[in-house]
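Below, each chain spelled out in residue letters.
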Amino acid sequence: MSPELLIRAKNISYSRGDNRILDRVSFDLHRAQITTIIGPNGAGKSTLTCIVNGLIDQFSGEIERAPGLRIGYLPQRVYVNRLMPLNVERLMQLTRQVSEAEVESALAQTEVAYLKGRQVQSLSEGELKRVLLARTTLGNPDLIVLDEPTAGVDVTGEVKMYKLIGEFRDRLQCAVLLVSHDLHLVMSQTDQVLCLNRHLCCSGLPEAVSQHPEYQALFGQHTGESLAVYSHHHDHVHDVAGHQSDHNG
Amino acid sequence: MAELLDNFLVRSVIAGLLMVSIAAPMGCLMVWQRLAFLSDTLGHAAVMGVGLGLVLQLNPMIGVLAVVLLIVISLSQVNSFNNAFSETTLAIISHTGLAAGLILLGALPSSSISLEAILFGDLLATTRADLGMILATTLLLLFLLFRHWRSFVAVSVSREIAQAEGIAVRKVQFLMYLMIALLVAVMMKVMGVLLIAAMLVIPTSGARLLSKTPEQMVLFSLAFGLASLATGIFTSFHLDWQTGPSIVLCATALLLITLLTFRHFRPGSH
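Chains as they are written, first to last, in the numbering used here: chain S, 1 to 249; chain Z, 250 to 519.
The following block holds chain S by itself, in its conformation from the complex (with noise of 0.2 Å):
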């Protein structure tokens, strides 16, 4: 049994003046299971989930979304003008009605529940994406779209987010389209792997890319060597802060 078509790309070109910047790139998203974009800086990543959620429409080729098709959004950039005085509570509530007690509990998850009141324009970088991390996660997305989740955040906080995001798709049962530049962490909660430079250069499970020639073209072959790092070597866990503990499992 295949899971459920979200959405279906078909030969994905678009042009930005002369500057072709994505051509000819298609592929599925199936409910239930993560799709993670890598490349190279400039390789399109970004104007890609831009296409995807509706914000580019000038492209050309063919996008097919399920019928009333809801996503989360979690952009690489937020800039609230300093005019609007914004609270983390009512960030939660953008588009969507959602009770106090959601936003508690979706804060909750990603351990920033005391920056509840806080206002928007005095988090850091790392609280920020951490609080709109768990904003994708309600109204019961089909889909999270989420651009760089990880910038700004710590090093042993990434490892624990991208868990976060396995564990956000196993509850929901939602799609997850994850634009990241840390390879070797991302790899081991990845279901498909598009990779990407303008064109798709290759896709597929995560060990099959990362033996692709294209793939060690663009990123070196160590990336596989510290992929084996992270998934044999990794008998502790840390929290968001970066606290190690023992693992218990």
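Just so you know, these hints were derived from the structure itself, not from any lab.
SDA-like, lysine to any residue: derived pairs with alpha carbons at most 25 Å apart:
#, chain 1, residue 1, chain 2, residue 2
1, Z, Lys420, S, Val78
2, Z, Lys420, S, Leu83
3, S, Lys10, S, Ile63
4, Z, Lys461, S, Gln97
5, S, Lys116, Z, Leu458
6, Z, Lys420, S, Ser60
7, Z, Lys461, S, Gln93
8, Z, Lys461, S, Val78
9, Z, Lys461, S, Leu123
10, S, Lys116, Z, Lys461
11, Z, Lys420, Z, Leu314
12, Z, Lys461, S, Glu127
13, Z, Lys420, S, Gly68
14, Z, Lys461, S, Glu89
15, Z, Lys420, S, Glu62
16, Z, Lys420, Z, Leu431
17, Z, Lys420, S, Ala66
18, S, Lys10, S, His212
19, S, Lys116, Z, Glu464
20, S, Lys116, Z, Leu468
21, S, Lys10, S, Leu218
22, S, Lys116, Z, Phe511
23, S, Lys160, S, Glu207
24, Z, Lys461, S, Gln121
25, S, Lys10, S, Ala208
26, Z, Lys461, Z, Arg399
27, Z, Lys461, S, Glu104
28, Z, Lys461, S, Val98
29, Z, Lys420, S, Leu69
30, Z, Lys461, S, Val80
31, Z, Lys461, Z, Leu505
32, S, Lys10, S, Arg70
33, S, Lys10, S, Cys202
34, Z, Lys420, S, Arg65
Quick caveat, the model's predicted, so the values are computed rather than measured.
Chain Z: place on chain S using the hints.
For chain Z alone, coordinates are given in the frame of chain S:
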């Protein structure tokens, strides 16, 4: 009630209350979306609208509505998705509109309309017909604000998140521009161009200092607006100052008092 409306002071106070109550939410949205300068631009360009209306022997309000609508529609066509209007574009429109308006007004017989009336209106000369128009516009705008409030706020915070999560950002934004145009066009006869622009920005700036959420800021803006109106009309009456400028100065005085009192107070930052 009907006899009460015969009193010019009652009519002008009601007009002022309506204006303040719609300026609070509209002003907040404009400040959040960095559109404060747009109200100024529309105000100056409206001078051209008045001139056009008079030269073409139409109701000046129709001239203003036409010019203001033309500006917001063309601006929203050139406005790219991620950028607010460029200040330069707004400044060019603003100065051009004012210059063209002055030339048009100069071509008219000198008695027909004064620039001062356009800039500050004449609250105390509010007629029953003016009051009817203002009431209808305020109710329409309040209805649209209630209906689309969550979308308006979401677009103010992040167009990207709003669009991705199912809000038609371009439509919402365009609706807002139309609402601003309508507000300026209908209110300007009584309030004047400067009073509208000032009441959209000054009370909201004071309210910002005290608020933790967008909705609180609207309520505080309303309170600031009402206080400015009351003190402004009172001063105007007792010192024999023009009403519009008195309200603006009182709003600024209230803003300064708030600034000095709450300088060190940042709600929700700890």
